[in-house]
Amino acid sequence: DVKVTQSSRYLVKRTGEKVFLECVQDMDHENMFWYRQDPGLGLRLIYFSYDVKMKEKGDIPEGYSVSREKKERFSLILESASTNQTSMYLCASSSISGDNQPQHFGDGTRLSIL
Amino acid sequence: RKEVEQDPGPFNVPEGATVAFNCTYSNSASQSFFWYRQDCRKEPKLLMSVYSSGNEDGRFTAQLNRASQYISLLIRDSKLSDSATYLCVVNMIGSYQKVTFGTGTKLQVIP
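The listed protein sequences derive, respectively, from chains A and B.
Using the numbering used here, you'd call the opening residue of the first sequence number 1 and step up by one each time.
Using the numbering used here, you'd call the opening residue of the second sequence number 1 and step up by one each time.
Next up, chain A with everything else stripped away, as it sits in the complex:
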């Protein structure tokens, strides 16, 4: 089974802090993704990475950055946290080999910015 592990289930930070969310997958997947999920808006893609040190902006990258130094790890960084970044953050990974490869999600991190 694919295992995607996010470092924290719940996190509380203050406005202006730099926040790191970590994600590790154990299936040697090439693709990794960061989403946020808010009521009524569904999942929105923040950034994704298709290889080590490679990254692409998703639909809502403003206020975020990412790092992928190793294939198994994809980090999301909130440079200066703001209250509108309070959300559920979900990491996912997928393989590029073969057709019809779904994404597999971590448990999610509920982040509150005070």
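You can trust all of the hints, since none of them are fake.
Pairs of lysine-lysine, DSSO-like flavour, derived with a Cα cap of 30 Å:
(1) LYS70(A) / LYS3(A)
(2) LYS3(A) / LYS79(B)
(3) LYS3(A) / LYS45(B)
(4) LYS57(A) / LYS3(A)
(5) LYS70(A) / LYS13(A)
(6) LYS42(B) / LYS3(A)
(7) LYS57(A) / LYS2(B)
(8) LYS42(B) / LYS18(A)
(9) LYS53(A) / LYS45(B)
(10) LYS45(B) / LYS70(A)
(11) LYS55(A) / LYS98(B)
(12) LYS2(B) / LYS42(B)
(13) LYS13(A) / LYS42(B)
(14) LYS18(A) / LYS98(B)
Derived by calculation from the structure, the hints in this document are not laboratory data.
Chain A is already provided as a structure; the job is to place chain B on it using the hints.
Quick look at chain B alone, frame taken from chain A:
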């Protein structure tokens, strides 16, 4: 028009009933399709892929209609444990995956 649209529901159905959800997509170049299940305050989990010829997994049947650009999920003999939000997912396969999630359809199975 949204890229992927779902009726948010909720669909309230009695145990044992059959229920079906549709999901429409706007991009005719979409190539692969999935249904995910998401329980309250949990992560989405893959329920099943959707194949061109249609596919079945126990009480769940998924179908794809490319001409009308929609996918469907049919649940037979609903169980209380089927209560969840069902997300449809549309992929455009290329060098980098372009994946779009629907906002989900909420199902409540009542005793």
